[in-house]
Each structure stands twice: as structure tokens, then as C-alpha cells.
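Residue numbers (this note's numbering), protein chains in the order written: chain A, 1 to 223; chain B, 1 to 389.
It is possible that some hints are incorrect.
In silico contact screen, one side only, chain B against chain A (beta carbon under 10 Å); selected entries [stated by the list, open to error]:
(1) ASN120
(2) ARG181
(3) ASN337
(4) PRO340
(5) GLY348
Across the chosen pairs, the derived CB separations fall in these ranges [to be verified]:
(6) A:ARG55 - B:ARG168: 16 to 24 Å
(7) B:THR75 - A:GLY130: 20 to 28 Å
(8) B:GLN104 - A:VAL30: 29 to 37 Å
(9) A:GLU115 - B:VAL27: 26 to 34 Å
(10) B:GLY171 - A:ARG55: 40 to 48 Å
(11) A:ARG213 - B:SER170: 37 to 45 Å
(12) A:GLY130 - B:SER146: 40 to 48 Å
In silico negatives: residues of chain A with every beta carbon more than 10 Å from chain B [as the list claims (entries may be wrong)]:
(13) VAL124
(14) GLY129
(15) LEU144
Worth flagging that the hints you see were computed from the coordinates, not collected in a lab. A virtual CB, placed ideally from N, CA and C, is assigned to each residue, including glycine.
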Amino acid sequence: MTWNEMQPLLTQGCVDTLYMVLWSSLWSVVGGLPLGVLLVLTDQGGLLRNAPINRVLAAVVNIGRSLPFIVLLVALIPFTRLLVGTSIGPTAMIVPLVVGAVPFFARLVEMAVREVDHGLVEAVQAMGGGVPTVVLKALLPQALPSLVGGLTTTVIVLTGYSAMAGAVGGGGLGSIAVTYGYQRFETTFMLLTVAVLIVFVTVVQLLGDGVVRLLARRDRAVT
Amino acid sequence: MPGAVRLRPVLDSDGKPVITTTDLSKVYRTKDRDITALDGVNLHVAQGEMYGVIGQSGAGKSSLIRCVNLLETPTSGSVTVDGRELTALARRGSRGRPKRPTPQLRAARSSIGMVFQHFNLLSSRTVRGNVELPLEILGLTRRERSRKALELLDLVGLADKAGVHPARLSGGQKQRVGIARALAGEPKVLLSDEATSALDPETTRSVLRLLRDLNQQLDLTVLLITHEMDVVKSVCDSAALMRDGRVVESGTVPELLATPGSELARELFPLGGEVGGPERTAVDITFHGDTAAEPVVSRLSRAYDLDVSILGAAMDTAAGKQVGRMRIELPGRYEDNVVPIGYLREQGLQIEVLPATEPAAAPAVSAAAPATGLAPAAGASEPAPEVAK
């Protein structure tokens with residue numbers, strides 16, 4: 001394969017991967033953030049203590065976390081078809097990606113929120129704040145550095161998942177690596193896609209670390 | 001003198017209480033047993049008072065203050081703050097669920113300020129942002145919030161730190177921010193949960209002075225809990241002693257002084273001084289503010305031609321009135337001193353004659369006598385002539 005042959009494939013692969021990762025990250029936050037917060041609130045000693053709901057949520061998260069992604073990918077095909085009309089292509093892949101990442105991100109959110117000092121919750125309550133105020137003004141802002149750290153990890157995991165999704169017709173870098181690099185023995189092309197993935201993951205990690213560092217600066221006595 | 005005691009004129013203890021707890025009980029149920037944190041606590045805090053609740057850790061002080069704004073729901077009994085019965089505003093939780101605060105309770109809470117031992121400031125917000133938080137809950141506009149927050153920070157002397165994050169402040173400054181935040185809802189009542197316990201003595205004094213100033217300027221009623229007698233000693237008008245979830249003693253400082261055998265009075269005005277010997281009579285005098293100490297002692301000396309030694313004293317003077325206790329020693333046995341002691345009683349003073357046969361009757365606290373700004377009129381360092389021989 002010449003560079004001229006590889007270049008459009010790579011470009012398309014990058015666009016598809018970015019598309020899948022960005023959208024699935026977004027939806028994972030939309031789903032995982034409330035789920036993680038609810039896990040803390042409904043737990044023993046939480047503000048909305050509710051053992052049955054907590055047990056159901058925890059079970060959902062645990063099941064979601066323990067299923068291998070490749071199984072989820074295949075098992076969800078009918079559901080994906082119902083939702084998007086097709087089970088092939090980057091848009092269709094967003095469904096299993098989100099289903100796989102929501103429980104993962106929810107656990108990270110839970111851990112981040114749990115670390116917030118209970119005294120702050122008490123302070124907001126003493127001011128007359130209700131549960132939404134506690135969550136929006138104390139828990140989430142205080143947990144923000146850990147939440148960003150968790151999001152970084154989630155985006156990277158989603159990148160890996162999206163490559164896997166490529167194997168079942170999802171498109172993106174994973175897909176072209178399998179079709180061209182693996183099945184047609186184009187080693188150079190394979191290495192190229194791997195290199196692009198490494199660069200992508202590194203950039204995400206550096207960005208995430210940078211934001212975390214920026215946010216953590218306020219917690220230190222000396223900047 | 002920094003942090004000097006300024007006792008206010010005796011408060012009208014019949015004044016309408018701002019905080020009242022009636023038969024307040026709190027039982028924590030664990031799997032194996034029930035732990036009683038509060039056991040029928042009746043507390044009456046009058047308008048404009050600084051009320052100190054003292055006790056060792058585990059005595060139930062923390063539960064008590066948390067029950068006042070219902071951060072903890074009492075198991076039984078009622079709490080009334082500023083005429084509103086808060087216990088009636090809590091919504092009953094069903095089947096083991098926590099009792100969710102009603103909007104009325106939340107509104108009531110926003111007019112009760114609270115400061116915490118560990119400040120509980122949001123590190124994610126600037127100092128000003130922290131003070132604005134309760135104002136956001138109250139629904140003020142951005143402009144009003146900003147104006148009010150700066151005003152409050154000015155009040156606690158931190159106007160120049162508005163844009164700084166709490167991590168860059170010292171402990172005392174953090175607590176000042178905590179106080180500014182607690183005042184945001186223009187409360188009539190301020191609850192202080194060991195607010196100075198994480199601070200060094202110097203900072204403690206300045207924070208207490210600030211609380212005292214606010215108490216006087218804003219006619220703010222302050223309920224503070226502490227395990228340090230010095231805190232009560234330096235700022236409180238009234239005090240209560242807690243032990244095992246019960247209030248053992250309570251009252252205004254003069255009331256406590258007037259109570260024979262009051263533990264709090266003894267702790268607040270500790271007396272030292274070794275009694276000279278069997279041929280001497282030691283007398284503890286309690287001054288309630290109606291009689292001045294020094295003229296009494298010198299008059300006693302002149303009238304009966306006695307050499308009066310002052311063994312120890314813990315006195316405080318406010319507006320010309322002297323409150324406190326003094327231990328004096330008269331030559332001769334008790335039998336020889338019946339008349340002078342009778343004279344002291346006639347002055348309306350509370351007199352306690354120490355048993356003469358026990359020279360070691362002086363409490364062990366002698367050296368620790370007045371630890372705060374209490375100025376000892378005389379001390380054990382003044383040797384009685386007979387002892388010096």
C-alpha cells in the first residue's frame with residue numbers, strides 16, 4: 001500500500017474513532033454521573049438513604065462492569081438495531097460503547113463523590129440547602145478534579161472499546177487495522193494505525209492530567 | 001489585656017429564651033445496642049446571651065448542638081428556636097428512611113448560623129464564593145450576593161482576602177470566613193461547634209473576641225460547645241456542664257457562683273493556696289457582684305485588727321462590680337474567728353470555712369489558677385508571715 005492509498009483510510013478511521021469516542025463519552029457522562037451520585041446518596045448514611053434502590057443500582061453497575069465488552073457488543077445488536085435502525089457503522093457502535101462505559105464511569109463518580117468531606121455536606125444543610133444544593137454546590141464542585149481524572153480514564157477505555165467495536169463492523173481505526181493491517185497483512189499500515197491510537201491516548205491523558213492539575217491548584221496553599 | 005474577661009451585667013434569666021430544648025433525647029441505634037447520646041436535656045438560652053456548653057468528648061455536646069438545628073433528628077423531645085418549634089417541622093421518614101427536612105425547616109435553618117471545628121469551607125470556591133453560598137440558597141441576585149459577601153468579610157476583617165482560595169488562609173482566617181458565612185442569613189442565633197478547638201491559643205482568643213464583638217454589636221445569641229474551660233471563662237455569660245448526655249449544672253455565671261458546691265463555679269474561678277497550719281483559719285469567699293472585694297478585706301482587717309492573708313483569688317471586675325472567689329486566711333482557730341466570719345456573712349457574701357485539720361485541703365489546681373485573662377488579685381506567692389518563720 002502506498003501512502004496515497006493509506007492516507008484517506010487513516011483520515012476516515014480517525015474521524016470515525018473521534019466521532020464514536022466523543023459521543024459515547026458524552027452519553028457516558030450523562031448516564032454515569034447521576035448514577036454514581038445516586039449510588040452515594042442512596043447508600044447507608046447517605047442523604048437519600050434507600051437500601052432497595054441502592055441494591056438495584058449497585059447490581060446494575062456490577063453486572064455492567066463484569067460483562068466482557070465483546071460479549072456486550074454482540075448481545076446488544078438487537079437493541080442497537082431497535083434504537084438506531086442499524087447495527088453497523090460508527091453511530092450504531094455508540095450504543096454498546098455507552099452501555100459499557102456508563103457503569104464504569106458511575107463507579108469512578110461514586111468513588112470521587114465519596115471522598116468529599118461529610119462536614120461540607122453538613123455545612124450546606126445547616127445553611128438550609130436541600131439535596132440538589134448539596135449535590136450541585138458542594139459534592140460535584142469539590143469532587144471535580146477526581147471527576148475529570150475519571151473522565152480521562154473513561155475516554156481512554158472508550159478508545160480501546162471503539163477499536164474492538166471495529167472488529168464487528170463499527171468502523172474507525174480499529175476496523176481498518178483489522179481489515180487492512182491484519183487480514184491483508186499490511187504490517188506498515190497496522191503499525192501506523194497503532195501509532196495513531198497511541199498518540200490519541202497520550203494526548204487525551206495529557207489533557208486530562210493538565211486539567212486536573214489546574215483544578216487541584218486551588219487546593220494547595222502555595223501555587 | 002488580650003481576651004480579658006468582660007462579664008456583662010447580670011442577665012435577666014427570666015428573659016424570653018431564644019433557644020429552648022425540652023426533654024431532648026437522642027439514641028443512636030446500632031445492631032447490638034442503643035447508645036444514649038442525649039438523655040432528657042432541658043436548655044434555655046436567653047436572647048443576646050453567650051451560652052457555653054462544656055463537657056468531655058462523648059458527653060453529648062455535639063449531638064446537642066446538632067439537634068438544635070436538626071442536623072440530627074432527636075429521638076424525642078422538642079427544640080424551639082426563635083419561637084419556631086423546629087422539631088415540628090421535620091418530616092417523618094418512613095420505614096427507616098432518613099427524615100427529610102421540610103422547606104420550612106430549611107428556611108428556619110438558614111436563619112441559624114453555624115460554625116464548625118474544621119471550618120467546612122469549600123476548597124473549590126474563593127473566600128467570597130464561600131460566603132456567597134448561603135446567599136445563593138437564599139436566592140439573592142448576583143449583585144446583592146457580592147455586596148453582602150464583601151460587607152460580611154469586612155465585618156470579620158478579611159475584606160482583602162475575598163479572591164483567595166481557603167487553602168491559602170491560616171486556621172484563624174478560615175474560621176473568620178466560617179463566621180462570615182454563618183452570618184450571611186442574618187441569623188439571630190449562632191451555633192458554634194468547637195469552633196476554636198483546632199486553633200492555637202492566640203488565635204482562639206482572637207476568634208473568641210470576634211464572637212463576643214458580634215454578640216454585642218448584632219445582639220446575636222451564641223450557643224457554643226467546647227471542651228475547654230478557658231473558652232467558657234473568657235466569653236460566656238452562662239454555662240452548662242454536660243456529662244453522660246445530661247446537663248449536670250446550668251445557669252448564668254453569677255447564678256453558678258451562688259450555687260454552693262457548683263463544679264462549674266469552681267472550675268471557672270479556681271482557688272489555690274495552701275492553708276498555713278492548724279492555728280489558722282482559711283475561708284473561701286464568693287463575690288456575686290454586690291460587694292467589692294478589696295474594701296471588704298481591708299475593712300475586715302481594720303475592724304477586727306486582724307492580719308488577713310490572701311491565699312488565692314480568681315476575680316473579675318466589670319462595671320465596678322466584682323465577681324469571683326477569694327481564699328483568705330485568718331490567724332487563729334475557727335473558734336477565735338467566729339465574729340469576723342460573721343461580719344463577712346453580714347456583708348451578704350457566701351462564706352465557706354475550710355476544715356482546719358486538713359492542711360492539704362487546698363485543691364490541686366492551685367498553680368493553674370487563673371489561666372486566661374483573669375487577673376489574680378493576689379496569689380499563693382504571697383507568703384503568710386507565720387509560714388515564713
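Right, here's what the structure says about each hint:
no.: 1; hint: ASN120; in the structure: 4 Å, holds
no.: 2; hint: ARG181; in the structure: 8 Å, holds
no.: 3; hint: ASN337; in the structure: 57 Å, violated
no.: 4; hint: PRO340; in the structure: 56 Å, violated
no.: 5; hint: GLY348; in the structure: 45 Å, violated
no.: 6; hint: A:ARG55 - B:ARG168: 16 to 24 Å; in the structure: 43 Å, violated
no.: 7; hint: B:THR75 - A:GLY130: 20 to 28 Å; in the structure: 24 Å, holds
no.: 8; hint: B:GLN104 - A:VAL30: 29 to 37 Å; in the structure: 34 Å, holds
no.: 9; hint: A:GLU115 - B:VAL27: 26 to 34 Å; in the structure: 30 Å, holds
no.: 10; hint: B:GLY171 - A:ARG55: 40 to 48 Å; in the structure: 42 Å, holds
no.: 11; hint: A:ARG213 - B:SER170: 37 to 45 Å; in the structure: 25 Å, violated
no.: 12; hint: A:GLY130 - B:SER146: 40 to 48 Å; in the structure: 24 Å, violated
no.: 13; hint: VAL124; in the structure: 7 Å, violated
no.: 14; hint: GLY129; in the structure: 5 Å, violated
no.: 15; hint: LEU144; in the structure: 6 Å, violated
Hints 3, 4, 5, 6, 11, 12, 13, 14 and 15 from the earlier list are contradicted by this structure; the remaining hints agree with it.
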